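Visitor: What follows is the residue order along each chain.
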Amino acid sequence: MRQRSIAGFTIAGVALAVVSLLAQAPAGDAAKAKGAKGGAPKGGVGLYQRQPPAPTGPAPKLSDGTPDLSGVWLGGGASDADISRALKPGDSVVMLPWAEALVKTRQSKDDPESNCLPAGIPRGSPYPWRIAQTPGIYFIVFEGNIHSWRQIFMDGRKHPEDPDPAWYGNSIGRWDGPAWVIDTVGFKDKFWFDYVGHPHTEKLHTIERYTRTDLGNMSIEVTIDDPGAYAKPFTTVGRARLMAGTELMEYICQEDNYDLQHISGPAQGPGGSTR
Amino acid sequence: MRVRFSVLAAAAGLLALGLPVLAHHSGAAVFDNTKKIDLTGVVTKVEWVNPHAHFYIDVKDSAGKVTNWNLELASPSILVRNGWTRHSVKEGDTVTVTGSRARDNSNFGIAQTIVFPDGHKLNFLSAYEDGK
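Taken in sequence, the protein lines are chains D and W. For the first sequence, the positions run -9 to 265 when my numbering is used. For the second sequence, the positions run 4 to 135 when my numbering is used.
So that you can see chain W by itself, here it is in the shape it has in the complex (with noise of 0.2 Å):
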């Protein structure tokens, strides 16, 4: 039991980082973790849907220009479970998300991690991992 716990120790400080996992399909075939993403913006759209939840995000450059970006979340089944609701990022929330982009450099990315200005945080599957 002591190595299995060590493994399950593990487990949960890989979960910590909010590396992705994905129900129904596997993660690295969508999204290629070498090319992290680190976005902050405005939420423009917060689609509530299976098999994941997604919001969009208004992410403005240097030079002005705005680009769009879809950022998903894993299933609202497993986000609630674990204290989402489909409230906890709304329209006109400012975030800042870091995550994997689609290996197609399509603008979409898994959101690993969600930032909020007052410091609180959420990831992919769980409102629980700051611990506040």
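Isolated chain D, as found in the complex (with noise of 0.2 Å):
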């Protein structure tokens, strides 16, 4: 493992570290943790400082019974800064070599995420995004990096034998009882897992799993197979928090990308952390 952090960064790191913690975090803990003056509504999330707590109450369901996941949520299922941060317990992440070594010359100059190319799966960001279930087919819906979005096809179709590949796959879903489960396979080998680097392959396989805990929480666990990057599967948890009133804003990130041409060094995370 590379030490080339930058002190300074390394205290910003570990803000942004937990910053994401915090917006992972229950409304109560984040009101508490803020101690925000001034006028209501207290109860911030993660970046977001003044937004109003969670709502609480049991997960709504639609008119046929199915879980309502619709809304603006903020969170994701993994670390956008490392994603051997937090995982299943007893899980690790194991590179292959090639995939050791390649992460140790990357630079952070090139990840796709900083030239505003989508951020894949499962890399989340303090943005948030939206749930909009119509039949036969779900969306979600980014504000951040970059402004796109999924379709997860739900009308019981399998996948096509030879997806032709594309950033975010060809995703299926299903229900899982109370989670929303979805299948995707069909990657480009482009986008990195995280900020230090950690590459993935075509064979790259997730199983995404979110639960609505209740009104105002989900839970979100993404398990990572990719025999050709890793030598084991390995399965990321998260959380997201719902993001009442509130609307998706405009990231257009392509409109002034600045600073690209200041980024040096390598891969590494919001304090110089590397792997």
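Rather than coming from a laboratory, the hints here were simulated on the basis of the structure. All of these numbers come straight from a predicted model, not from anything done at the bench. For glycine and all other residues, C-beta sits at the position ideal for the given N, C-alpha and C. There could be a bad hint or two in this list.
Unchecked claim - Here are the simulated distance ranges between beta carbons:
{"#": "1", "chain 1": "W", "residue 1": "123", "chain 2": "D", "residue 2": "146", "range": "49 to 59 Å"}
{"#": "2", "chain 1": "W", "residue 1": "90", "chain 2": "D", "residue 2": "124", "range": "36 to 46 Å"}
{"#": "3", "chain 1": "D", "residue 1": "165", "chain 2": "W", "residue 2": "119", "range": "45 to 55 Å"}
As the list claims (entries may be wrong) - Taking lysine to any residue pairs in the SDA-like style, the calculated list, with each CA pair at most 20 Å apart, reads:
{"#": "4", "chain 1": "D", "residue 1": "193", "chain 2": "D", "residue 2": "85"}
{"#": "5", "chain 1": "D", "residue 1": "99", "chain 2": "W", "residue 2": "108"}
{"#": "6", "chain 1": "W", "residue 1": "93", "chain 2": "W", "residue 2": "42"}
{"#": "7", "chain 1": "W", "residue 1": "39", "chain 2": "D", "residue 2": "254"}
Could you fit the two chains together into a complex? Lean on the hints.
Guide: This is the structure:
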């Protein structure tokens, strides 16, 4: 593991890492932690310091009994700083030698995320996203990198035999009790799992499980199975919180990606941490 | 939960310091936190754009030489959700900016805190940090 941390930014990195946790923390904790002064509402979450607290109550259902996941959510299924940070207990990320070597040479300026390209699965961002459930097909619409969307077919179809590789792959979904399960194959090998540059191949297969645990919260687990890059599958764990009272906003990353010309150094987390 | 609360409280404290939180790339890959900036000048332009809003200030040194600095903020969506508006910093405002300079030593930095002559403050992601 390289150690090229820049001292001050190590602290900043801790801040960002914990900010990510804040984004996934129950409203009560976030509200206490912020201690915001001035006018209500308190209960901010993540970077959004005065969003109303997440509403409380049971997880809602649609008229046909299907769990209702619709709404604007903040959070995600994995650490976007380093995918190995938030795993199911007992799991570990074991890269194949070529992948380990690649991570050690990756440069921050080459991160697709920094170049306003899609974040892929399960990489999150500090921007909210919306689930929209329509008959036979559900959508996830992202505010953040890069104002993109996913379509998840819910009509019982299978994956194509030989799908053309795509940034978000080919996704089919089903219900497993209260859990929305998304099975995705057919990925391009372009996106990075995180800032530190964990790679994947076109053999990547992801299984995501979204469970609305109550009105305001959702648990997310993502199993990463990529025998092309990892010695064994692993499962990330994360959470999202309903962003009550907000809507998605415009975020056209390509508009003025001025920073790219100033980025230098190895692929690194927000605090300068590397693999 | 007690441990988690402590961590969260620490995070809140760090945020209060205005440390860089950048969304789509590592802050450490762009800015060097060991290169502190402390600039007072007049705002010449505001760019309310993605992925980061920017504003520019003319800074005059003791010899009278004027240098224009480009100062970075979070994205407009984060700023708006945290109390900023696109008018929070305006052309002609006099501001004092502290933050960190770009690693490449260009006249580019991250605006960690922005202080106005009347004492009110903003930071790179929020209008709420000063509690006013």
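Visitor: Each of the hints needs a verdict: does it hold here or not?
Guide: These are the hints, each one checked on the structure:
1. 123(W) x 146(D): 49 to 59 Å: With a Cβ separation near 58 Å, residue 123(W) and residue 146(D) satisfy 49 to 59 Å, so the hint holds.
2. 90(W) x 124(D): 36 to 46 Å: Hint holds: Cβ distance 38 Å, inside 36 to 46 Å.
3. 165(D) x 119(W): 45 to 55 Å: 53 Å, holds
4. 193(D) x 85(D): At roughly 14 Å apart (the allowed maximum being 20 Å), residue 85(D) and residue 193(D) satisfy the hint.
5. 99(D) x 108(W): 17 Å, holds
6. 93(W) x 42(W): At roughly 16 Å apart (the allowed maximum being 20 Å), residue 42(W) and residue 93(W) satisfy the hint.
7. 39(W) x 254(D): 18 Å, holds
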